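Engineer: Now for the letters of each chain:
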Amino acid sequence: MSLGTIGVLVRYWVKGRFTKATLVGLAVGETFSIVFVLFGSSTYLSFSNRVGLTTGLSEVAGSLLLALYLVGLIQSGFNGSGLPVNSSDVDYVFTSPVPPREVFGAKILLNSLTTVLFGFPPILVLYLRFSAYYRTGWPVAILAGMVTLVFLVIGLLLSADITLSLGRGIGQRKKLWRNLFITLVLVISLLPITLLIPEVPGVIAEAARILPNGLAATISVGLVSGTSRTIAYLVDLLLLFGWLVGFLLLGVRLSRGHFYEVLEVSVPGAEKFDEPSQSSRLNPRGRSLWSVVRLKERILISRTREARALFVNAMFLSGFLVIYALSGSFQSSPTSFLFILFIIGSFGSGTASRWIEKERLWILKSSPVSMRRYVKEVYRARLAPLLFYLTPVTVAVGVPLVLSQLGQPSLLLGVVLALPGALEIASITMAGGMYFASKYGQSSADDILSSQAQELADIRRFLFQTVINLIMVSPLILLVLASERLASSLGPGSLPALAASLVIVSIVFAGFAINVLLNKAGDAVSRREDL
Amino acid sequence: MPQISVERLTKHYGTLVALDNVSLDIGSGEIFGLLGPNGAGKSTLLKTLVGILRPTSGTIRIDEIDIVVEPEKAKRMIGYLPENPSLYTGLTTLEFLQFVGKIRGVDDELLDREISESLKSFGLEEKRNSLLGSLSKGMKQKVALIATSLHNPEVLVLDEPLTALDPKTRVSVKDWIGARTKRGVTTILSTHDLDVAQSHAGRIAIIDHGKIVAVGDIESLRKMARAESDARLEDVFLRLTAEKGEDPILK
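Here the protein sequences line up with chains D and R, keeping their order. Every number in my numbering is 354 more than the matching position in the first sequence, counting from 1. Every number in my numbering is 11 more than the matching position in the second sequence, counting from 1.
The following block holds chain D by itself, in its conformation from the complex (with noise of 0.2 Å):
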């Protein structure tokens, strides 16, 4: 193996990978997700406090949730991916005179690189949250980041390994071989749940240590909280670069063979399909054409995994509502369940602000139809999925919410307007989502934009999206915040009144600013001059 080959390759990978745009995307991402990591962890950390958490469950907690990194690298892995190739490296690396294994060696060293670069902050950040709550110091905080990279690492040589050994027969076979690995991971790791289950004996939650997501979990947890096992340690650790040498020494292995073919290709915008063939859906006899424009918006959705995606958010975001409730944050902070709108509302930014790289606008702006109508069409298709899955979070954190506030009907009223009002947001968010993709979003066929420009485009998309969203959305919050006083001052024999009309109030407002930022999408596809 030459090292020399190896050292171009990457150093070329990186100059291509690390552009200007990417070093200040790198920078606006890092930022948010660190406080996010910080809101995240204060909220657990108040959680095990009030539900007397130890830290053995926080350990299988940390498990659990590497557990899910493994498993969704698992899946990339059995998809070819687990070694990711581009165009440029089909047509220039793979035609040239370098080893396969080199070639093996090069990505999993920048692929390392990339999640260290990537994962080290926030990591770091989470683990001096909670050494700053234990009282442990920063230097073992970062030894616990350390690990956890160590652990990173770790998948992406298991996920590489696994795209390899695809060449080696398994490929036929590779659906019972996924679900096989998926359900031994996650078995392993839910078996300390069994420590909840009296007189069901402790070693049987040991074997969750097996694998390198207990391992890390136990180490960095453990460290973080200052449990004192200085020899367990070391012996966990010893093992954790058991499967690091394991994996590596195995991809070194099945590296020798040529393994291009078994790579999946990235194409960027490309979307994947089960099946090639499906029965068509879209009638549009007797349909009106708006009609048939939302049923295909809904086709598009649902055979492009949109809403798989948008049913596991919400069910993510409803577990980390619950915590945040059972955190007691709720009654510790009366007008906190604000937080419910922020979180709930932002939900809806997300989902729609890749819709116009779905479109084909040569079609559309070739057509004699209104823009701004289609837009609003799509938008009814694509906010029904929203609320469908919206609503149920909103009711179940919002039931205990209000019979918690039954005896003070002031802050009652705040909850009252809380709840549909995050709604509206997501609903508002959505429709900015819509109107920033409209006018800085990269449309499918036209390369007008370098991909270092779009990446430009892409961040300064995200830092107005987030500015104008929240512009849009405050006179909402600003409704909820001054509900208790209005209450206050009113007295409570008006509440039902005054709370029956801050709704309709709070509706009429997100129906006008939706009106608003759609028309405004519309106007920008129009003014568009790409395909």
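Think of the hints as simulated: they come from the structure by calculation, not from any bench. Warning: the hint list may mix true and false statements.
What follows is a set of in silico ranges between Cβ atoms, one per label pair, in the way DEER data are often shown [said to hold, decoys possible]:
| id | chain 1 | residue 1 | chain 2 | residue 2 | range |
| --- | --- | --- | --- | --- | --- |
| 1 | D | Ile-388 | R | Pro-178 | 54 to 60 Å |
| 2 | D | Val-621 | R | Lys-234 | 45 to 51 Å |
| 3 | R | Glu-136 | D | Leu-467 | 15 to 21 Å |
| 4 | D | Leu-538 | R | Ser-127 | 48 to 54 Å |
| 5 | D | Val-870 | R | Ile-76 | 41 to 47 Å |
| 6 | R | Gly-116 | D | Tyr-446 | 28 to 34 Å |
| 7 | D | Ser-724 | R | Arg-194 | 28 to 34 Å |
| 8 | D | Val-862 | R | Thr-26 | 43 to 49 Å |
| 9 | R | Arg-194 | D | Val-362 | 55 to 61 Å |
| 10 | R | Glu-136 | D | Val-621 | 27 to 33 Å |
| 11 | R | Ser-127 | D | Ser-724 | 27 to 33 Å |
| 12 | D | Val-444 | R | Met-235 | 45 to 51 Å |
Some but not every residue of chain D turned toward chain R, in silico, with C-beta under 7 Å [claimed, not checked]:
| id | residue |
| --- | --- |
| 13 | Gln-632 |
| 14 | Arg-639 |
| 15 | Lys-719 |
Small disclaimer: the values here were computed from a predicted structure and weren't measured. Every residue gets a Cβ at the ideal spot worked out from N, C-alpha and C, and that includes glycine.
Use these hints to put chain R onto chain D, whose structure you have.
Structural biologist: Frame of chain D; chain R shown alone:
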């Protein structure tokens, strides 16, 4: 009276002049070829003609309808095929054509018939329930062509319709263009294929640096280029687009 009339059309992208004072008249039922080197302004001209780009100045009239003033009315008469037509990869062939037909205002009954006949004539019947993402490039091009003409437009604007197609598909696309012309459809055909332009187009415009440098049938183009009476279009094109003082052949 010309069906398509372009008067003093200019299009700027910032400081770049993509179209410079272009004027053209295209008659009804004519196949009009548009030739020019890469970056000459062919695609910009076509996109402006179909109302995708807004002209910086000048007018475009399709049957006396100004495309800037009444874009929706004008678009009903035009079928446009871009150079790289991208399709909704998550829709089946049938769904895609039904969707396009609907947004172009085709009657349900007519749409069903038009789709069935077009799929049959392009040999795509078996692919009606295939996702567009799973089709080959040639098949996608055929589907895009069908979509372009579902509403029976009076004017077809085709931007490089034969690029990167295999010989069999090229033949079927050329036959398709011929059949449309017989029905009296006006066709503007941008192409790099000079043989196709020479054999199909009645008149040809040569565009270079955003300006129309010559318009006419092959005979008048030969005269303008001061070429031999049997000179091929390729030689005529090279002479007309050569820089001053530059040998057209070396170019």
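Engineer: Each hint needs a verdict: does it hold in this structure or not?
Structural biologist: Okay, the hints, checked on the actual structure:
1. Judged by the Cβ atoms, the range 54 to 60 Å given for Ile-388/D and Pro-178/R holds: they are separated by roughly 58 Å.
2. Range check, Val-621/D to Lys-234/R: Cβ separation about 49 Å, and the 45 to 51 Å hint holds.
3. Checked against the hint of 15 to 21 Å, the C-beta distance between Glu-136/R and Leu-467/D comes to roughly 52 Å, which is inconsistent with it.
4. Against the hinted window of 48 to 54 Å, the Cβ-Cβ separation of Leu-538/D and Ser-127/R comes to about 51 Å, which satisfies the hint.
5. A C-beta distance of roughly 32 Å is found between Val-870/D and Ile-76/R, which places it outside the suggested range of 41 to 47 Å.
6. Range check, Gly-116/R to Tyr-446/D: about 47 Å between beta-carbon atoms, so the 28 to 34 Å window is missed.
7. Evaluation of the 28 to 34 Å hint for Ser-724/D and Arg-194/R yields a pass: the beta carbon distance comes to about 30 Å.
8. Take Val-862/D and Thr-26/R: their Cβ atoms lie about 46 Å apart, and the range 43 to 49 Å holds.
9. One distance hint, 55 to 61 Å for the beta-carbon pair Arg-194/R and Val-362/D, holds here, with the actual separation near 60 Å.
10. Between Glu-136/R and Val-621/D, the C-beta spacing of about 28 Å keeps the proposed range 27 to 33 Å intact.
11. Separated by about 30 Å at the C-beta atoms, Ser-127/R and Ser-724/D satisfy the suggested range of 27 to 33 Å.
12. Between Val-444/D and Met-235/R the Cβ separation comes to about 46 Å, which falls inside the hinted range of 45 to 51 Å.
13. With its C-beta approaching chain R no nearer than about 6 Å, Gln-632/D sits inside the 7 Å limit, and its interface hint holds.
14. For Arg-639/D, the suggested interface contact is upheld, since its CB lies about 5 Å from the closest CB of chain R, less than 7 Å.
15. Below 7 Å, beta-carbon pairs count as interface contacts, and Lys-719/D has one with chain R at about 5 Å; its hint therefore holds.
Going through the hint list in order, the structure does not satisfy hints 3, 5, 6.
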